[in-house]
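2 protein chains.
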Amino acid sequence: MSPFARLPSTPYYVVCFSSMRTRGDHGYGDMADAMEELARQQPGFLGVEGARDADGFGITNAYWADEASIVAWKRNVDHLAAQKLGRERWYEHYEVRVARVERAYGMRER
Amino acid sequence: MSPFARLPSTPYYVVCFSSMRTRGDHGYGDMADAMEELARQQPGFLGVEGARDADGFGITNAYWADEASIVAWKRNVDHLAAQKLGRERWYEHYEVRVARVERAYGMRER
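Heads up: the sequence lines are chains A and B, in that order. Mapping of the first sequence onto our numbering: position 103 corresponds to residue 1566, and the numbering continues sequentially without gaps. Mapping of the second sequence onto our numbering: position 84 corresponds to residue 1547, and the numbering continues sequentially without gaps.
Among these hints, one or two may not hold up.
Said to hold, decoys possible - Here are the computed distance ranges between Cβ atoms for each label pair: (1) B:M1464 to A:T1485: 16 to 24 Å; (2) B:R1503 to A:N1539: 18 to 26 Å; (3) B:N1539 to A:L1548: 39 to 47 Å; (4) B:R1503 to A:S1472: 39 to 47 Å; (5) A:L1501 to B:E1572: 21 to 29 Å; (6) A:G1487 to B:A1531: 42 to 50 Å; (7) A:S1465 to B:G1487: 20 to 28 Å; (8) A:R1566 to B:F1467: 19 to 27 Å; (9) B:A1531 to A:G1490: 39 to 47 Å; (10) B:G1490 to A:A1528: 36 to 44 Å.
The set of hints was computed from the structure by calculation and includes no laboratory data. Please read all numbers here as calculations on a predicted model, not as lab measurements. Idealized CB from N, CA, C, for every residue including glycine.
The following block holds chain A by itself, in its conformation from the complex (with noise of 0.2 Å):
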């Protein structure tokens, strides 16, 4: 499967979530799974795309139709659950920024 979103047309969202992970699993890697699931799920979800590098830190660039979708993952139940464990367990110290895409264009149409 490729690691690159396929995305509409912009404008749309960007939810740029930077992040150092703690050591060990502690169900990081099956609750990050069932997130990446849900969020497929969500209304105005468009795409996600990461990566993580050998020494923990890592990017997860999750694209969105809008503000409004992205207020309401933020609020899920279910991944609030989540995100207090990322406070608690997963997560060394993680910054967010939210954007919105503007322009964009690949490889292949410069």
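Chain B: place on chain A using the hints.
Only chain B this time, still in chain A's reference frame:
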């Protein structure tokens, strides 16, 4: 050194660069270091965060003060040469999304 960028208050811009590397280095590591160094010297550069997983898929989120700084960096002569090598040698594919960051928060400031 922290992998997290220290950014000013919103608004600012992010260039989300998602890429799949080809196999082998072929001068990539040295050029990536040189380009990051050069980017840091450009007007409007605010910070950069990046992660690449073991399969070669990576995300670099580069933060800039405004669109004009992003356009100027894309047209920088040394960067143009690196972009050409990127398309020819280093990347199987990449996608770029340019977005205006409207709000941001960290783990300790929900």
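Each hint tested on the structure:
1. B:M1464 to A:T1485: 16 to 24 Å: This hint holds: roughly 19 Å between Cβ atoms.
2. B:R1503 to A:N1539: 18 to 26 Å: The hint (18 to 26 Å, Cβ to Cβ) is violated, given that B:R1503 and A:N1539 are roughly 38 Å apart.
3. B:N1539 to A:L1548: 39 to 47 Å: holds (43 Å)
4. B:R1503 to A:S1472: 39 to 47 Å: Given range 39 to 47 Å: violated, Cβ gap about 32 Å.
5. A:L1501 to B:E1572: 21 to 29 Å: holds (25 Å)
6. A:G1487 to B:A1531: 42 to 50 Å: This hint holds: roughly 45 Å between Cβ atoms.
7. A:S1465 to B:G1487: 20 to 28 Å: holds (21 Å)
8. A:R1566 to B:F1467: 19 to 27 Å: holds (26 Å)
9. B:A1531 to A:G1490: 39 to 47 Å: Because 45 Å falls inside the window, the suggested range holds.
10. B:G1490 to A:A1528: 36 to 44 Å: Holds, at about 40 Å.
Consistency with the previously given hints fails for numbers 2 and 4, ordered from lowest to highest.
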